Amino acid sequence: MKAGVRTPSHPDAPPERRADVALEFANVGCRFAVAGRTTYPALEGVSFTVTRGEFCAVVGPTGGGKSTLLNLAAGLLRPSAGQVMAFGQPVDGINRSAAYLFQQDVLLPWKTALENVMLGLLLRRRPLGEAQAEAHRWLARVGLAGFETRYPHQLSGGMRKRVALAQSLIVGPEILLMDEPFSALDVQTRELMENDLLTIWQEERKTVVFVTHDLEEAIALSDRVLVLSAGPGARVIGSHPVTLPRPRDVTEVRLHPAFVDVYRAIWQGLRGEVLRAYATRTPGRAEAPRA
Amino acid sequence: MSGRFRLLPYQVGVFAALVVLWQTMTQEKWVDPFFFSQPTAIAQRVAQWFVSGSIYRHLWATALETVLAFLAGAGLGVLFGFAFARSPAVSGIFDPYLKIANALPRVVLAPIFTLWFGLGVLSKVAFGVTLVFFIVFFNTYQGIREVDASLLNNTRMLGASERDLVRHVLFPSALVWILSSLHTSVGLALVGAVVGEYLGAGRGLGYVIAQAEGTFDTTGVFAGMTVLAGFTLAIDFIVTMIERRLLSWKPAVSQTARV
Numbered sequence: 001m002k003a004g005v006r007t008p009s010h011p012d013a014p015p016e017r018r019a020d021v022a023l024e025f026a027n028v029g030c031r032f033a034v035a036g037r038t039t040y041p042a043l044e045g046v047s048f049t050v051t052r053g054e055f056c057a058v059v060g061p062t063g064g065g066k067s068t069l070l071n072l073a074a075g076l077l078r079p080s081a082g083q084v085m086a087f088g089q090p091v092d093g094i095n096r097s098a099a100y101l102f103q104q105d106v107l108l109p110w111k112t113a114l115e116n117v118m119l120g121l122l123l124r125r126r127p128l129g130e131a132q133a134e135a136h137r138w139l140a141r142v143g144l145a146g147f148e149t150r151y152p153h154q155l156s157g158g159m160r161k162r163v164a165l166a167q168s169l170i171v172g173p174e175i176l177l178m179d180e181p182f183s184a185l186d187v188q189t190r191e192l193m194e195n196d197l198l199t200i201w202q203e204e205r206k207t208v209v210f211v212t213h214d215l216e217e218a219i220a221l222s223d224r225v226l227v228l229s230a231g232p233g234a235r236v237i238g239s240h241p242v243t244l245p246r247p248r249d250v251t252e253v254r255l256h257p258a259f260v261d262v263y264r265a266i267w268q269g270l271r272g273e274v275l276r277a278y279a280t281r282t283p284g285r286a287e288a289p290r291a
Numbered sequence: 292m293s294g295r296f297r298l299l300p301y302q303v304g305v306f307a308a309l310v311v312l313w314q315t316m317t318q319e320k321w322v323d324p325f326f327f328s329q330p331t332a333i334a335q336r337v338a339q340w341f342v343s344g345s346i347y348r349h350l351w352a353t354a355l356e357t358v359l360a361f362l363a364g365a366g367l368g369v370l371f372g373f374a375f376a377r378s379p380a381v382s383g384i385f386d387p388y389l390k391i392a393n394a395l396p397r398v399v400l401a402p403i404f405t406l407w408f409g410l411g412v413l414s415k416v417a418f419g420v421t422l423v424f425f426i427v428f429f430n431t432y433q434g435i436r437e438v439d440a441s442l443l444n445n446t447r448m449l450g451a452s453e454r455d456l457v458r459h460v461l462f463p464s465a466l467v468w469i470l471s472s473l474h475t476s477v478g479l480a481l482v483g484a485v486v487g488e489y490l491g492a493g494r495g496l497g498y499v500i501a502q503a504e505g506t507f508d509t510t511g512v513f514a515g516m517t518v519l520a521g522f523t524l525a526i527d528f529i530v531t532m533i534e535r536r537l538l539s540w541k542p543a544v545s546q547t548a549r550v
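Protein sequence lines correspond, in order, to chains V and G.
Residue 1 is where the first sequence starts when you use this note's numbering, and the numbers rise one by one after that.
Residue 292 is where the second sequence starts when you use this note's numbering, and the numbers rise one by one after that.
Chain G on its own, in the form it takes in the complex:
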């Protein structure tokens, strides 16, 4: 623990130096504050949002979209991952389509989702799902394929049916892989939500930033980014907690090689 906090003064120092530099450069008009805004102005704007409470409905919208996109994407990913890993026929037929879908830059789907699902929560969730799905899918697939055959045989000998195997061996094994990618997949769910909002919405952090940009309100854009960064850190913290709880059985340090 002491090692973790040893670098803290330096980390804070870097942040302070950047902020001071930024503030000085804009205050002394070395660069135009219209384009670059000012740390003090940004801080004021963020404080004002929270004091007036106007930001909460946007935060709530983004949080809701992120969570829904993650749950739906992860659920579908696990389902398809299992189907692909357990059935050679399914993986054989759908493999090329999955590769094509994964190769497609997902942003191009945003307009079509807006047409299909409107400007509300649903279109952002759909967009987030396309991002989360593949991460979870590939990890589930890998997790199930990597299960040690002797682990399966031992559980079979103890009397497990195929369904018991899924519950006691395959799913927990896949879960390790899914959880190891949790930070990435939750991050992508958030990206999906914010980009979706940015491209067309009535609320959400992406919408706040897009609105500010539309009125050349640089302070608003930076303030939106600041809130978004804080929000991302909070989500990442929650993910770390969940991960620690679900993987409590794992060795603290990297796992020693199994013979």
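Looking at chain V on its own, in the form it has when it is part of the complex:
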């Protein structure tokens, strides 16, 4: 795996930081207040690092704190214990080196596709003409040239995801956080999107943290799969490198013999957690609060 060649944009960073680590969780715990005085521990003692330029997938049972993990990396949540670091700097407030692709539809419905894509640039006080030109380029890049003036409700679910992807990438983030971004799409659209994502990633070499409950998707896309245990108090219980050749086609790669081996290895650990998550989730019990 090739390390990123771009110099980090943190001139005031201490010299001793490790340049190749994009994201680091050091013994991170996160608790939520639940009705009354009790707290729900979503994460407990989570430690891992993501290398610069690495495509890292995180799998785990539903309600296992995967979204919490991303929200911590994004700086939308603060850890109750431990520390989250981005490029050697503790994440304090919004993580400015990261972009976030949400599971939900988060395009602003009152802005056109173009206006949505250029929003990040305008918020960074870039001139309008420049932002527009850049947004045109990015829309073309995600295959939506000609849809600039459409409003989100005039686009299909897959197209909205493409706009959201362009919206996140236009600001040039170092880290891309993705929370089951394609889970609402139909299978065909989803595979197209996954391939496009890989193409863009291949060109841009962003660091990606991709959360999913779909193990096949995780393996097909990533360099490494982290396995989270079932909540409460989810931890990282496995880290599996995926050495399938690149560039990949997500449909083809599933037929690769090594794919099955990796799948089997990861599933062995994951299966118990899924069953545990299923068993502990009795009806009527409150689910882990989502951030």
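Derived from the structure by calculation, the hints contain no laboratory data.
Please read all numbers here as calculations on a predicted model, not as lab measurements.
Anything over 12 Å on all C-beta distances counts as not near chain G; from chain V, calculated:
| hint | residue |
| --- | --- |
| 1 | 63 |
| 2 | 202 |
| 3 | 276 |
Cross-link-like lysine to aspartate or glutamate pairs, in silico, DMTMM-like; alpha carbons within 25 Å at most:
| hint | chain 1 | residue 1 | chain 2 | residue 2 |
| --- | --- | --- | --- | --- |
| 4 | V | 111 | G | 455 |
| 5 | G | 541 | G | 437 |
| 6 | V | 111 | V | 180 |
| 7 | V | 111 | V | 148 |
| 8 | V | 111 | V | 134 |
| 9 | G | 320 | G | 504 |
| 10 | G | 541 | G | 527 |
| 11 | G | 541 | G | 439 |
| 12 | V | 111 | G | 439 |
| 13 | G | 320 | G | 508 |
| 14 | V | 111 | G | 453 |
| 15 | V | 111 | G | 437 |
| 16 | V | 111 | V | 130 |
| 17 | G | 390 | G | 437 |
| 18 | V | 111 | G | 534 |
| 19 | G | 541 | V | 148 |
| 20 | G | 541 | G | 455 |
Just so it is clear, CB atoms sit at the ideal spot from N, CA and C, and this is done for glycine as well.
Keeping the supplied structure of chain V fixed, place chain G upon it in accordance with the hints.
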């Protein structure tokens, strides 16, 4: 479009039947025209007002009061709506007072406004503001509270400051709610103006009606009501145009449920 106009003949028919019935009943003296006037007399009076031009200064006064009352009421409503939605302390302290103020029948304020602001435009505007304010306030408040948290988080991740959030997310979101109540709030601004004029003024449609009533001029009262109805329809039409322009991004049919 064809569906909209399909019922037009029937709608016109109902109107024609009512007018003919009214005309016949008064002409044949089944009812006293002194109390009920006559469609022909009313039409004549309205035409005479417009030909002589005497009605225009009244129309202008009512229009001015309506617009000013709407703008001031909506402006205050948005301001307070934002303050309440964004600050739990503000909403906590002022909530009971707002409830009391909203429960008060606003007509009782008209005399005090006349004392404070005189018989001119200002007292009508003040009265209209008390009516418009609450509609816009509640809708702004609701609009901001209903904003999807993930919409805010996404915009934050793109680099938005709190002020950017207001401009790009909170205000447009509240605007949807404010605009959905636009017909009601503009209507109330007009009610404020006309009732204010009726209770004491030197010009305006409410004043015209009150004057006619004072001289037992039933034709004048009905003619004033006719002009007022036409005026209301015109304003409603303008509001619809504005609404259509500002909400052009919305799906034409009712919005599909968001998951």
